[in-house]
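Chains as they are written, first to last, in the numbering used here: chain A, 72 to 411; chain B, 51 to 116.
Rather than coming from a laboratory, the hints here were simulated on the basis of the structure. Keep in mind that a hint or two might mislead.
Cut-off 20 Å, straight-line C-alpha distance, at most; resulting in silico cross-link-like pairs (PhoX-like, lysine-lysine) [what the hints assert, rightly or not]: (1) K376(A) / K137(A); (2) K276(A) / K137(A); (3) K247(A) / K77(B); (4) K77(B) / K137(A).
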Amino acid sequence: MRRGMTLFRTIVVATALAAAVPAMAQQTRDGLNPTGQNPTADSVTEEFLFKQEPKIGGRVSIPDGKSANLIQPQGREYQAFREGWLPWIGGIAVLGILGLLTAFFLLRGRIALDDPGPDTGKKILRFNSFERFAHWMTATCFIILSLSGLNYIFGKRLLMPLIGPEAFGTLSQWAKYSHLYLAWPFMLGIAIMLIVWLKDNIPEKLDWEWIKAGGGLIGRGHPHAKRFNAGQKVVFWMVVGFGAAMSVTGVVMMFPFAVTDINGMQVTQVIHSLIGVVFIAGILAHIYIGSIGMEGAYDAMGSGKVDLGWAKSHHDLWVEEQQAKNASVAQLGTRQVPAE
Amino acid sequence: MKVFVMSVAAAVALAVAASFLLNENQKFAYEAFATSGARVSEPGTNLVGPKWNGETTEPSGKKHGA
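For reference, chain B alone in the conformation it holds in the complex (with noise of 0.2 Å):
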């Protein structure tokens, strides 16, 4: 029971670490994609906004098209 335990203890801490890993490996959609001229909204964002008047707020709380 001891060493079963200790395998699950041990897959989850190999997880874990692996989970840092690869975020640091990986960028967002908005990140990889934007370029200086195209602009990717953040996730939950869209380019008009949610009353659709061009007023939108990114994630983030920085606002464009004020």
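Looking at chain A on its own, in the form it has when it is part of the complex (with noise of 0.2 Å):
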């Protein structure tokens, strides 16, 4: 009779349990509370917590408060542009421009110098040593800025595969060291052509007439210019105001989060790397045509002396300007007699 009760109790249980538990499984799979109210409702949500600020961050007890720093949207959308942007952006730009050149100099050649004339062989000098060596030292920083600037972009993709991750390692540290310490020679080789160059740069009526002529590049003839040209100048400001640029950004980066906070940084990287792949492309074109895009460019920083014949068809009135000066020295030399 016990054996019986006890047999017809765990009957009762059983059928319980089993008439229960598809009913509760089918709850928890619906996220329903049996009562039918849903418990977390009141509890705070990502996007109620995103309507307070931009990111979601708690508390640390070290001093670096960044590191309380949850999550942050916006640094995905830095992601986006630092890995699947940029590398875009930067080989059209350095492919692009290097694809320009080579069909401008397909098509137009080497310009050439003009026919021999009276001047031609005499020297006349365009760049002192002080130019010269404020501009081959930024000249030099540059490359190495541009290379281990590339390599931020690029390494990983196209170097890494071919030399292995430990050579690039290796490499990248390397590549790094120069970029952050080659900045600076850079920064004050920028500061004295800005105060060597300046006075020669200012544009003026005569720089439009030289653009409307098409610069000597387009047809035979040269256009008037002074000690620098339109195309020259354009060069020039696009040195300084790059330059300036890329070391405000580049100082804001050297010195982590001491100016301003992540958003700012990731911001700060986007601008230094946007303006770093259009200044590489724009200095490559400089390069162009002051080594293999025009005979007797090169002269004027190689030497510091160019060829009088091309001066003159070149910077016409920047000759006179220094034939009048020199004549006028000469004159003082020979009929005045200095202060003692």
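Assemble the dimeric complex from its two separately framed chains, guided by the hints.
If you want it as structure tokens, here you go:
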């Protein structure tokens, strides 16, 4: 009798459980409470937190408050730019300008010296030693900064598969050192060039005439120009403007979080990288026209002296100025006695 | 050529000087973010040691947890 009661109770409990479990499982799957209420309805949601601030953070005990940052959606946009857009923009900028220059060279060829004239073979000083020193210091720094900068974008994609992760790691470490340290002589060089060449690079009406005439690149004639033509002035202001922007953003990144927060740091890097690739493209064009693009142009920064015939063709008004200056100095030397 | 060599030498000299000046003003994370209540490990170490027995040796040779 007692055994019979126990069996009966067991059957009753088992039946009740068999009926209850599927119903509970169903409720759990639906995320519903048996009472019909949502137990997390009043809890804080991610959406609610993002309405208060653009990021979600907590509290930490170490003095680095940034480590309390838990979620920052803006960082995903930055990452999409850094890993998605930037390599494409950089690749198109650098390869695009190389393609354009190659096409221009094939179409136009090297711009040759004019036919020999009475001034061919004579030399005139175009850039003194200090000017060339400032130019080459800035230029050599720029080349290393460009290569090490491009390594930030393309290194892991293009170089690492070729040389392996260990060599790439070592190379990138040294590239980073060179990027941070050569930035300083680069900035100094920009400042010196600004001071030395500013007076010769003020835009004027003559520049517009030079542009309208195609600058001598198109056609055969050479429009009038003073010490720097409109094209060179564009290069000068590009170097000064981009150089200043790269310097400011570079220094901000060199001292992380000293000036701005994480959003600011990311925006700074976006600006630095975008200007950087455009700067490289612009300087590639400058290197082209100063070397293989135009016969006689390299001498200006090589030895500092250019062919007088070349100078009269490309910078006729400047040659006149120089010759007038020399003539007045010579006159002073012969007719006036210097004060003692 | 002489001017070019001088400009490269000047760039290197200024870069080296910049490296010393910048390093003077920088701290490692384990120095900058450690407090009396929170110790940040030096690079290359962790809190449990290489054998996971709590014995750690900092790069400076200082022993912890022995």
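Here's how the hints hold up against the structure:
Distance check on the hinted pair: K376(A) and K137(A) sit about 56 Å apart at the alpha-carbon level, beyond 20 Å; violated. Using a Cα cut-off of 20 Å, the hinted pair K276(A) and K137(A) is violated, with the two alpha carbons roughly 53 Å apart. Among the hinted pairs, K247(A) with K77(B) is consistent with the structure: their alpha-carbon atoms are about 17 Å apart, no more than 20 Å. A C-alpha spacing of about 17 Å is found between K77(B) and K137(A), which places the hinted pair at or below 20 Å, so the restraint holds.
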